[in-house]
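**Student:** Sequence:
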Amino acid sequence: MQRIRVLVVDDHRIFAESLAAALAAEQDVDVAAAGSAPAALRSLDRAAGDGRRFDVLLADADLAAPLLAVPAQPPGPAREAVPRSCPRDGIALVSGLRTSHPYLRTVVLADRDDPRRAAAALQAGASGWVAKDCSLSRLLAVIRGVLRDETHLPPALLTGVLRELTAARKHRSESERLVESLTPREREVLRCMVAGLGRKAVAERLFLSPHTVRTHMQNVLGKLGVHSTLAAVALARRAGVGPVELETAAAAASVPVP
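Residue numbers (our numbering): 1 to 258.
Bear in mind the hints are in silico, worked out from the structure with no lab data behind them.
Please note that a few of the clues may not be correct.
Computed beta-carbon distance windows for the label pairs [stated by the list, open to error]:
no.	residue 1	residue 2	range
1	Glu17	Pro154	23 to 29 Å
2	Ala167	Arg144	28 to 34 Å
3	Ser100	Arg187	26 to 32 Å
4	Lys200	Glu245	15 to 21 Å
It should be emphasised that the depicted structure is a prediction, and the values quoted were computed from it without experimental measurement.
Just so you know, even glycine gets a beta-carbon here, dropped at the ideal spot from N, CA and C.
Just need the whole structure built from these sequences, with the hints factored in.
**Tutor:** Written out as structure tokens, the structure reads:
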């Protein structure tokens, strides 16, 4: 009998352990529980290193981000971001696992039906969205189904999720069209903006004057039809524009120009 290895992650420890105990009663299921995203990541890495990787992750949609002791930092673009290793919720955890553990099937457990968040979970790579109060037999059917590459949603959510996914595709195509209107230099500037760099930092990395960077930024906002850097960054993200690689850019900036 091929056994299914399941990891439950929920910051309500009693719920996680109770669900794990119920699943463990199945003859073909091995299950463990984690009380936070970092604990889940450690369990996944350890299991993969031991050659006993998990097959399915059940993640709480409202998984709380860990509280971090963040040292005082100067304001502005140089401010450090929260480490990517600390997902802000279960959907963010699923998104990160798509790259770090691509073999893993993920199912999001939710307290309430929410078409927008369910659509976001599917876009992040989840194979299912299931109510926390569903029956054990239903949950087991979902676990076994996602291992057959099925996608599982409550029937009541299907129409709403399809509407959200259609709208997201429309927004993405419109955003992509706007980004394509930018010149190559303006796209470079936009990628720097996505990385959170200010005008002076962009000028240093692209070997331009601050005045020239300001002009490029104004052109970017105008062509994208937005009025702020935050709106430009949000549109760029929808279009799939990633941030400039800061390490690469920093290394390039250190190379003397002949």
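**Student:** Hint by hint, say whether it matches the structure.
**Tutor:** Status of the hints after comparison with the structure:
Distance hint check: the CB atoms of glutamate 17 and proline 154 are about 25 Å apart, consistent with the given range 23 to 29 Å. Checked against the hint of 28 to 34 Å, the pair alanine 167 and arginine 144 passes, with Cβ atoms roughly 32 Å apart. In this structure the supplied range 26 to 32 Å holds for serine 100 paired with arginine 187, their Cβ-Cβ distance being about 28 Å. With their beta carbons about 19 Å apart, lysine 200 and glutamate 245 fall inside the hinted range of 15 to 21 Å.
Comparing the model with each numbered hint stated earlier shows that all of them hold.
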